[in-house]
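Trainee: Read off the chains here:
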Amino acid sequence: MSSRFLRTCNRDGGVSIDLNHGTTTLAFKFKHGVIVAVDSRASAGRYLASNDVNKVIEINPYLLGTMSGSAADCQYWERLLAKECRLYRLRSNHRISVAAASKLLCNMMLGYSLFMGSMICGWNKKGPGLYGRMFSTGCGSSYAYGVVDSGYRKDMAVEGRSTVSPLWFPSSRQQHPSHIVSVMYHMQQDGWIKVCKDDVSELIHCYRKGMF
Amino acid sequence: MLSSNTFVDPGKMKDYHYTGPVEHRFSPYSFNGGTVLAVAGEDFAIVASDTRLSEGYSIHSRDSPKCYKLTDTTVIGCSGFHGDCLTLTKIIDARLKMYKHSNNKTMTSGAIAAMLSTILYGRRFFPYYVYNIIGGLDEHGKGAVYSFDPVGSYQRDTYKAGGSASAMLQPLLDNQIGFKNMEGVQHVPLTKDKAVQLVKDVFISAAERDVYTGDALRVCIVTKEGISEQTVPLRKD
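Heads up: the protein sequence lines correspond to chains D and E, in order. By the numbering used here, the letter at position 29 of the first sequence is numbered 29, and the numbering carries on one by one without gaps. Quick note: to get the numbering used here, add 212 to the position in the second sequence (first position is 1).
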């Protein structure tokens, strides 16, 4: 299979093609909808390619897709998914459900050996859409699970979402947190809103008193 | 010996002592060096590259610039494997012509970037070994820089360095243009002349420490009046 060839290129002695990857993404449901939070770091091998990558794709005003793993795979297939969702809306005259959009993406990926971890979150007729109560992908996902598990309450107030600001913690534990930006979206009944885009190295001073 | 730089090709630079039996495999790729840089300003964009073409310890050419003009408002810089750079630029030129013939207008920088992303991803499992940076003016006349990885992931930036010395140049640009890690400094927007001078200084530094970068620097400045080019000599060693 041709993907085996790409792997041989990455061995020592061959030319190393390093692709952008490395992420923490997180989404959880609470009383007022779904919170989606992502970091914005892209690394290529040991080099930090970028600190401000956009890892959330706004498929339509009621659907968001997150990206982790290979940046090119996620960007390409989620943009294709956005096109398919738009065609679905035009053909069947109603918005696609979150489960159907996820299944479309899953079926698109089936034939290939891709490197992507992606979450589709949204609001459909049955209410907030996410697989389970909470989901996290990427290298920092284990830290994110720990943080949210300790602070999560289903009836948390909407203001609580900004203090949960969960991504600064995994970012700061993973690597040195210099200017990594954490972006948060809130999925509500009438669509998503972009809540904030914070620089993690500034947030850490905010929370430092509680930490040590 | 060689640093832990991700762009190192150890294939052709052999250790000068016997290490035991080695299996030789054909590699369709080789690394021809070179560094590319692009900076976007308020109403201008600069794309610069060195002109050295190398392979292992040899230099193939001292006059092989890596900036290619695509349209009157867009320049692309390609570094990596020279064979793939040439093929890729030919394919982009052909696609630009096709677009012009069917849509009766020139492609904008953003459109070229989106198209290049799909061209690169089309070879996801046998990639073009090219690090691309597009610099130009967007449809509002503001400077735009788009940086890519070899399989097509891209984003719009204000400045980006790519190629063999990118890991040395990018932190310098972060500091001088992005004002990162500086306290109490006023964020002055970059003028065109200051940007050109900065690019020249930055490449002189790169040529000092990176063996694959040197010989000469080609700077392409994109403004609404058109594209002007300057050539500046660099270290030849």
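Fair warning: there could be bad hints in the mix.
[Said to hold, decoys possible] SDA-like, lysine to any residue: derived pairs with alpha carbons at most 20 Å apart: (1) E:K309 x E:M327; (2) E:K436 x E:A306; (3) D:K83 x E:A323; (4) E:K392 x D:D199.
The set of hints was computed from the structure by calculation and includes no laboratory data.
Trainee: Against each hint, give a clear statement of whether it holds in the structure.
Mentor: Structure-based check of all given hints:
A distance of roughly 13 Å separates the Cα atoms of K309 of chain E and M327 of chain E; the hinted pair therefore holds under the 20 Å criterion. Note on K436 of chain E and A306 of chain E: the hinted pairing is violated, with a Cα-Cα distance of about 24 Å set against a maximum of 20 Å. A distance of roughly 17 Å separates the Cα atoms of K83 of chain D and A323 of chain E; the hinted pair therefore holds under the 20 Å criterion. Taking the CA atoms of K392 of chain E and D199 of chain D, the gap is near 12 Å; set against the 20 Å cutoff, the hint holds.
In this structure, the one hint that does not hold is number 2.
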